[in-house]
Amino acid sequence: MSFAQAVFYALAGVAVVSALLVITRRNPVHSAIWLIITLLSVALLYLQLQAEFIAAVQIILYIGGIMVLFLFVIMLVNLDVALRQEQFNRQWGVAGLAALLLAAELAGVIYLGRGTAALPQAPPGALQPNTELIGSALYQAYMLPFEIASLLLLVAMVGAVVMARRRTS
Amino acid sequence: MTLLIETLQPLLIPLLRIVVVFAGISLIVAYLVYAERKILAHLQVRLGPMRVGPHGLLQPIADGLKLLLKEDIIPAGADKWVFWIAPAISVLAAFTAFSLVPFAPNFYVTDVNVGLLFLIGISSLGIFGIILGGWASNSHYPLLGALRSTAQLVSYEVALGFSLVSALLLSGTLSMKGIVEAQAQQGIWFAFVQPVAFFILFVAAIAETNRNPFDLPEAESELVAGFHTEYSGFRFSLYFLAEYAAMVLVSSVAVTLFLGGWLRPFPSWQWLDFLDYAPVAVFLVAAAWCFWEAVRLPRTREWRWQRLMLLGLGAGALAVAAGLMIPARFLPAFGEGQAAFPVLAAIQGVFWFLLKVFLFLFGFIWFRGTFPRYRFDQLMNLGWRFMIPVAIVNVIFCALALGLSRQLGWSQPAALWLGTGATLLVAMLLRREEA
Numbered sequence: 001m002s003f004a005q006a007v008f009y010a011l012a013g014v015a016v017v018s019a020l021l022v023i024t025r026r027n028p029v030h031s032a033i034w035l036i037i038t039l040l041s042v043a044l045l046y047l048q049l050q051a052e053f054i055a056a057v058q059i060i061l062y063i064g065g066i067m068v069l070f071l072f073v074i075m076l077v078n079l080d081v082a083l084r085q086e087q088f089n090r091q092w093g094v095a096g097l098a099a100l101l102l103a104a105e106l107a108g109v110i111y112l113g114r115g116t117a118a119l120p121q122a123p124p125g126a127l128q129p130n131t132e133l134i135g136s137a138l139y140q141a142y143m144l145p146f147e148i149a150s151l152l153l154l155v156a157m158v159g160a161v162v163m164a165r166r167r168t169s
Numbered sequence: 001m002t003l004l005i006e007t008l009q010p011l012l013i014p015l016l017r018i019v020v021v022f023a024g025i026s027l028i029v030a031y032l033v034y035a036e037r038k039i040l041a042h043l044q045v046r047l048g049p050m051r052v053g054p055h056g057l058l059q060p061i062a063d064g065l066k067l068l069l070k071e072d073i074i075p076a077g078a079d080k081w082v083f084w085i086a087p088a089i090s091v092l093a094a095f096t097a098f099s100l101v102p103f104a105p106n107f108y109v110t111d112v113n114v115g116l117l118f119l120i121g122i123s124s125l126g127i128f129g130i131i132l133g134g135w136a137s138n139s140h141y142p143l144l145g146a147l148r149s150t151a152q153l154v155s156y157e158v159a160l161g162f163s164l165v166s167a168l169l170l171s172g173t174l175s176m177k178g179i180v181e182a183q184a185q186q187g188i189w190f191a192f193v194q195p196v197a198f199f200i201l202f203v204a205a206i207a208e209t210n211r212n213p214f215d216l217p218e219a220e221s222e223l224v225a226g227f228h229t230e231y232s233g234f235r236f237s238l239y240f241l242a243e244y245a246a247m248v249l250v251s252s253v254a255v256t257l258f259l260g261g262w263l264r265p266f267p268s269w270q271w272l273d274f275l276d277y278a279p280v281a282v283f284l285v286a287a288a289w290c291f292w293e294a295v296r297l298p299r300t301r302e303w304r305w306q307r308l309m310l311l312g313l314g315a316g317a318l319a320v321a322a323g324l325m326i327p328a329r330f331l332p333a334f335g336e337g338q339a340a341f342p343v344l345a346a347i348q349g350v351f352w353f354l355l356k357v358f359l360f361l362f363g364f365i366w367f368r369g370t371f372p373r374y375r376f377d378q379l380m381n382l383g384w385r386f387m388i389p390v391a392i393v394n395v396i397f398c399a400l401a402l403g404l405s406r407q408l409g410w411s412q413p414a415a416l417w418l419g420t421g422a423t424l425l426v427a428m429l430l431r432r433e434e435a
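One line per chain: the protein sequences are E and Y, in this order. If you count by the working numbering, then the first sequence holds residues 1 to 169, one letter each, in order. If you count by the working numbering, then the second sequence holds residues 1 to 435, one letter each, in order.
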């Protein structure tokens, strides 16, 4: 096992274990902390793939932005009530079925695609300079899909504002 | 054994630099606290710390010892683990970010091609220290302080990001070193072609570091001490360290992006070359001050130690000045450099960088001594309804100006000043609408 592999397995292990802890902690703040650790180790995995831009953006957006808002909201809601509430409801059967189906589907995809599982190796330096490549891909080759995606986000934002606004009639 | 040495060799120089940067920043932070107390005191016609060492120069050491020896109290009902870890997160984030700051052309820990993005990302992790510490204290004031801090940071990070974009449009690179080199190449510091972005960065930086007039997260009159009310001893000092390190960090970022980093003022003007001797002059002035103060002390027994210390400091400053002026022929180790004074040439970049950073820090302290605190709704209004729109408009006009200058062959600074004028017009309209 090479050094790179060891690093990969360590990071992947941390990501998986902390992801499990996210969904098993009772305290929502602890869950959020473990989620931060998951996201951080995923960012480090991106870094190992020499995708520096994605790694940096993952840290800025998901950890520095979204997780901060998560914690903010968790602290605004009444924590004591949230702690005493039952976290699981009686949908065990449906949930288990859906999980099994998803697992079967994933296993099928992996089994059928095992021949092409080894992705072609990019020649060294093919992804450099990282930021410039992503920029020109987003703003030149895929301009329209990119703009449509940002429009969708804008619509979602406007929708949230409209729904949150107090009715003053 | 040789294998071990060979594998460790590439790590040695960066490790050495990390140690130097860490020690240097800690020292700067310690004396920044002292400088703040001194400057605030003089702004209020007081003397400030005077007892520990001459002019209180040993005060930071006394403060540090006191904080280390104090009892580390964990409040009942606190979330112990989170309470322990939170201050460490703040310190880690603030210090790790320094690894990306280029202090001089040949002195930095690392230079990556997404340097600025990483720096912003790592420094934005520091907020978790505040929010988790405030929550884990299990107390009302810290929780309110943490909530305020989060809201403030999230709001001002947007304006901060847009002001960084304006500088990036000019530099065309995210590497911190590349940004300074772009300024050297274009012959102008970005602050002079992007004054609006520079102003927004400055205001946002004050808000990000929770400094006056935006220090609502720790407003004494309302929240005792905000998010660190329940912290004592060593853990409190960690928060303190992180706050001041963050101040140095945002100043370093502003200096790198907008004030030419390690560049001397007007590096291409030959007749200003005498400015290269400024470091020597600084140490000579410091030595002269020490000797003058030593002479002024009363000649009684109780002042003997203070006089001895001042004389020692003066002699040290003189020695440093002399060391800077060692001619090249006594230093064969420095190689065949063209510089007449190799030591002076070697510290040139760090000197100008730190000088600019200190100017910034002085501004921070000056603000604290001058402005009254904002109200929270005023802070949010200023952030969302003024700073962010102006920052966005500035990016648009800056991009337009750059496009015009490239397509029509206009002079780039002129086009950018035109864009700045248009931005200011929009800003004035925004202000009027609000009034």
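Read the hints as simulated data drawn from the structure, not as lab findings. Careful, some of the hints might be misleading.
Only part of the chain E face toward chain Y is listed, based on derived beta-carbon distances under 8 Å [claimed, not checked]:
| hint | residue |
| --- | --- |
| 1 | 14 |
| 2 | 15 |
| 3 | 17 |
| 4 | 19 |
| 5 | 29 |
| 6 | 52 |
| 7 | 59 |
| 8 | 63 |
| 9 | 64 |
| 10 | 69 |
| 11 | 70 |
| 12 | 71 |
| 13 | 130 |
| 14 | 131 |
| 15 | 134 |
For clarity, every value in this text was computed on a predicted model and none was experimentally measured. Even glycine gets a Cβ: it sits at the ideal position worked out from N, Cα and C.
Could you check the structure against the hints above and give me the numbers of any it violates, in ascending order?
-> 1, 2, 3, 4, 11 and 15
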